[in-house]
Structures are given as C-alpha cells and as structure tokens.
Amino acid sequence: MSPLFRPAILTWEYPPRVIGDLAYYVERLARGLSDKGAKVNVISFHEARPATEGVSPNLQLHWMQNPVDPHLNSVTWSLSLCSEAERVAADLFYGPGPGVDLLDVHDWHFVSAAVGLKKSLDLPFIFTVHSLEGQRSRDLSSPLSSCITGLEWLGLFESAAILATSPRVKSQVEAVHKVPPTKVRLIDASSPSWLDDTLKAYTDAKAAGRGA
Amino acid sequence: MAAGYEVIMLSWEYPPRIVGGIAPHVYNLSKELAKLGIRVHVVTCDFPDTKAHETEGGVQVDRVDSYSYPTPNFATWISMMNVNLQKRAAEVIRASGGKVRVIHAHDWLVANAAIGLKHMFRLPLVSTIHSTEKGRRGGIYDDYQRMISSEESWLTGESWRIICCSNFMVGEVTEALGVAREKIDVVPNGIDPTPFRAPLDPAALRARFARPDEKLVLYVGRLVHEKGVNLLAEATPYILRRGPAKLVLVGEGYLKESLIARAKELGVSDSVYVTGFLDSDTLRGLFRVADVSVIPSLYEPFGIVALEAMAAGTPIVTLGSGGLSEILQNGETGHFVQPNPVSLADGISTVVYTPSYAESLRAKAARRIPLYSWANIASLTTGIYRRTLKEYDAGNWKPPMPERSRASS
Numbered sequence: 000m001s002p003l004f005r006p007a008i009l010t011w012e013y014p015p016r017v018i019g020d021l022a023y024y025v026e027r028l029a030r031g032l033s034d035k036g037a038k039v040n041v042i043s044f045h046e047a048r049p050a051t052e053g054v055s056p057n058l059q060l061h062w063m064q065n066p067v068d069p070h071l072n073s074v075t076w077s078l079s080l081c082s083e084a085e086r087v088a089a090d091l092f093y094g095p096g097p098g099v100d101l102l103d104v105h106d107w108h109f110v111s112a113a114v115g116l117k118k119s120l121d122l123p124f125i126f127t128v129h130s131l132e133g134q135r136s137r138d139l140s141s142p143l144s145s146c147i148t149g150l151e152w153l154g155l156f157e158s159a160a161i162l163a164t165s166p167r168v169k170s171q172v173e174a175v176h177k178v179p180p181t182k183v184r185l186i187d188a189s190s191p192s193w194l195d196d197t198l199k200a201y202t203d204a205k206a207a208g209r210g211a
Numbered sequence: 000m001a002a003g004y005e006v007i008m009l010s011w012e013y014p015p016r017i018v019g020g021i022a023p024h025v026y027n028l029s030k031e032l033a034k035l036g037i038r039v040h041v042v043t044c045d046f047p048d049t050k051a052h053e054t055e056g057g058v059q060v061d062r063v064d065s066y067s068y069p070t071p072n073f074a075t076w077i078s079m080m081n082v083n084l085q086k087r088a089a090e091v092i093r094a095s096g097g098k099v100r101v102i103h104a105h106d107w108l109v110a111n112a113a114i115g116l117k118h119m120f121r122l123p124l125v126s127t128i129h130s131t132e133k134g135r136r137g138g139i140y141d142d143y144q145r146m147i148s149s150e151e152s153w154l155t156g157e158s159w160r161i162i163c164c165s166n167f168m169v170g171e172v173t174e175a176l177g178v179a180r181e182k183i184d185v186v187p188n189g190i191d192p193t194p195f196r197a198p199l200d201p202a203a204l205r206a207r208f209a210r211p212d213e214k215l216v217l218y219v220g221r222l223v224h225e226k227g228v229n230l231l232a233e234a235t236p237y238i239l240r241r242g243p244a245k246l247v248l249v250g251e252g253y254l255k256e257s258l259i260a261r262a263k264e265l266g267v268s269d270s271v272y273v274t275g276f277l278d279s280d281t282l283r284g285l286f287r288v289a290d291v292s293v294i295p296s297l298y299e300p301f302g303i304v305a306l307e308a309m310a311a312g313t314p315i316v317t318l319g320s321g322g323l324s325e326i327l328q329n330g331e332t333g334h335f336v337q338p339n340p341v342s343l344a345d346g347i348s349t350v351v352y353t354p355s356y357a358e359s360l361r362a363k364a365a366r367r368i369p370l371y372s373w374a375n376i377a378s379l380t381t382g383i384y385r386r387t388l389k390e391y392d393a394g395n396w397k398p399p400m401p402e403r404s405r406a407s408s
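Quick note, the sequences are listed as chains Z and F, same order.
With the first letter of the first sequence counted as 1, position 30 gets the number 29 in numbering that gives the first Met the number 0; the numbers rise by one all the way through.
With the first letter of the second sequence counted as 1, position 303 gets the number 302 in numbering that gives the first Met the number 0; the numbers rise by one all the way through.
By construction, these hints were calculated from the structure, which means they are not laboratory data.
Just so you know, even glycine gets a beta-carbon here, dropped at the ideal spot from N, CA and C.
Example chain F residues on the side facing chain Z (calculated, C-beta under 8 Å, incomplete): (1) Met79; (2) Lys86; (3) Ala89; (4) Arg93; (5) Glu150.
Same shape as in the complex, but just chain Z:
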C-alpha cells in the first residue's frame, strides 16, 4: 500500500480509557493501519496521560484534557473538547511531522471538530458510526438526546463517506437519517479484509476531493 496515508483518528475513548467496545475497535484499527504503513495519529481524551505518546514509528497517541471544567452534560463536555481536538489536529497539520490528510471520526462526540477541520483546512472526513443515539437513548425526545441526534446528523451530512460497523447501524443510518445508501458502507471488523476495506474507503474519500 502507499505509505502516505496520514489519517487522524478522533475518538472519545481509547485504551487505557475504555467505556465500551469502541476503544478496542479503534485501537485495533490504529495498530492495524500503522502496521500497513499508514502514519496514524489518534486524538482522544485522558485526564492524566502525557500529551503525546509514541506507540510505534507509525502510531502516535495524542491525549487531550478538557479545557473547561466542570461540565453540565456530555454535549457541553464534547463541544469544548472539540475545540481542543481542532487545536491538536491543526498542530499536526501544520507541524514538522508527516501531517494529516484525512480524518476518521468515531461516533458523535468529535463530529463538530471534524466539520471545523474540513471547513478550515480542507480535510475530508470519514464518519464511522458504531451506534446511534436512537439505539442508545431511553428517551429520544429528551433535549439532550435531541442535541446528540443533531450532531449525528451533522456528521452524516458533512462527511465524505460513512462507515457503519454493523448491518443494524447501516439500516438505521439510511432509514432514520435518510442518508443515500451509496454514501454508507458496511465495514465488518471480523472480516479478514477489514483493514483493506477501511483503506479503500479512505482512498475513495480522498479521491472524491477534500471537503467532499
């Protein structure tokens, strides 16, 4: 493969901070892509880890702390952290390292950052959806769920491509948010071709043009 994939992966959980399965999924993805030669930067949150940790020559972890404390709910927490994610990603973009040429955003927390980076730096982004608020929330009509659904919609609308990690998520994305099926790919982490399928999606998103 080309060694010049430079994805920044934005995720609200990554080991050792594990909330659910998302952390392990992203860790496998980041390690797998870096093993294939991609220059991978993971941008995530941890209250105590150092700002940057090098896992391997091709894999760097960037830990953010929330610049605002305390917070009222997960939306205010995520959206101030998004500005910090924009800072970290912009520093990678402008910095002396290999840079960033694509964003892969996992679930809704950092969608706003991805949209800001797309609009500001012309970076295309992939929105990888593991679950939707409609599947998680007990009360989808609550104001907080409404905000999260709004951010999910923004990610679905602004992204260059959507990767759904299960058939159920894919059908929900298409049915609830009315996303054209051509924009949504099913990505199966149990498949032997999972990493290659992901890289194919990255390639297509870049080829479609930044800001697509």
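Once you've looked at the hints, dock chain F against the given chain Z.
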C-alpha cells in the same frame, strides 16, 4: 484607505437581535471600523425576518442557524449554536483568501467557535470581555456558573489581547479569571449622541410622566438588585420632603412587583411610575426632559446609562460604583452620594434645587462626550489590532506553508 487586513467578529447578538449591550457595541464598532478602511465580517445568530447574509454600512453580516431545537439549558444551547457559528465563520475566513487576519470574540458565548478557529487558521484572537459570570451574579455558587467562569478563563487564556471597557473590569478579569494585567487593554463603550438631538416637544413628553410642579427624577436600567433601584425606592419619602417629585423607573426586572409594593407601603405610590420598557425615541426624550438622572448601581462594569444621560444633557446623581467612577468625576460631571437612602435623597435634592450646579454638571459632562464617540472607540481598537498583528508577524506561530499538508499524496 484600506487597512490591508480584515477582521471577523463573533457575537451571539447583533441588531436587530438585541439581548443586552453586546449587540449595539458590535454594531457601532464594526460600522466605525469599516469607515477606517477595515473590512469587518460579523458572524452572528439568526433573527426572524432578517437575511442570512447582507452588507450594511461596509460590514458583512452572516446570520447562522442558531439551533432552534430543544436543549437542556442555555449553556448547552450556546454550545450547539457555536457549532454552526464556527462552521460559517470558517467558510468566511477561507473565502477571504488570507485577508482576514484577526478573530475578535465577544464574551464566553462564542469561545468554542473562536478558539477552534484561532488554531485551525493560526490567526490571533482578540477578545472583549463585557462582563464576567462572577461579577454578573455576585459570586460563583454552583456548577453551572463554574462552567461559564471556566469558559471565560479558557477564552482569556487563549486570547492574544483582551479588551475591557473600564479599569474596574480590568480588576474583575484579573481577579476572577487570573489574567495578567499586561494582556489587557481598556477601551470604553461608546455612544452616538446624534439621536439625542432629534426634534422634540419637551412639554408634551414631560406631561406624559409628571405634573408641571413635580421634579422628574429618572432611573433607567434593569430592575434588579445590582442596579441599586431598591435604594431609590427607599429614598423616595426623603426626596418628597423637599417638594413634589415623580420618580420614573424605566426598565423591567425581577424587582418590579416588589418595588411597586414597597412604594405602596411607604405611601408614595402616586410619586413612583414604573413604566416597563419604552421605545428608544421616548427614552431619549425622557433623558432630555428629566431634572436629574439617578444611577444608584451597586455593580456596574461600565455604565452606558451615564453616557446616555451625558449625551442628553441630564445632570447625574450616582454612587460612582465600578466603571461609573471612571466616566464621572464627583462634583464636576456627576454628583456622588453614599449608598444609603438619605444620602441619595440629599444628592438628588441638591442637584434639582440648585440650578446653577445642575447646569455646571450638565455642561462639563457634555464636553466629555467626544471621548466616547464610536470613531474614537474604533481608533483605539485598531491600535490593539495593529499591536497584535505586529507581534504576530514577528513570531513563528502562523501557518508556515499553508498548502504543504494539502500536497497530493
């Protein structure tokens, strides 16, 4: 006479959406900056029957969908609104082709958007702090306030320069937010005196609010504790001992009902008129026909009401709190009193029953109005922009090779 750079202003309110003092401030400042050759882009919230994009007085205004779906509270709405604000602002900055060189944020309400834009474009951020959460509420008492105060600290920490409207506010920002004094510039609020000279039938207007034999004592402001309006109510019986007067209280606030009730208890209901909000023309006219303008504020970051009274030629009686002591000089341009009803009543009587003193206060105050012209405010602000850009240009923090990372892989 183009300045060679453009500025993007981020504000949650801009006319005709007027919530507080930020909207008129950003509106007048932007217009005057445009006159100085600086192209200003304002990105703000939408408002019914306004255009999403328009150019007015040389100012490009973009109004974004401010997020109209339900949110759990105001602060969460602000977070959601900032998503759309930033998205549009990024488009505006990119479309300028590098001409936008300063991001100017107004209060914590746009912090999320402004700070992200600063880093993504590597542009200097200038912030005006109009007030602080601690000052507005008289302290920090719960997590909601702690979050807002933390946002304010974050914004000031990320700002290249910070603008405050008074030395009083400088003290508040350094104390409450831990900002270094060296980082702050003082630029007062401004006033356009022109509308205060509009044609007026003073007798007819005055007759709507007071009898000819009554002195017209005017209070303009929110009816809340920090404005000291309770003190004025308590002073009313003492004022009436000197002669007939009508206290006209213009504004709304949570104290409205209790003020009316207190006037009844004191037996002065016939001498107190709580008007609620008034239209701008009537309000400006009232300043001009009033015998005295009373500003009993206990907390006042600046005191724009003092400029309105000065522009209208109304003598001022005040406690001189906060920024008021910087606008007014005791015995010269305003009459200062102690924070108790007797002193306040004495001060009001002194001014309204000593015409030569009232005239002196009025004349000296009028001479200071040019200091607060928006042209002067804009000129001071451009000085801050120039200093910021000079420091920025001399440094390394900027997009080193803007197209480098976009090179085809």
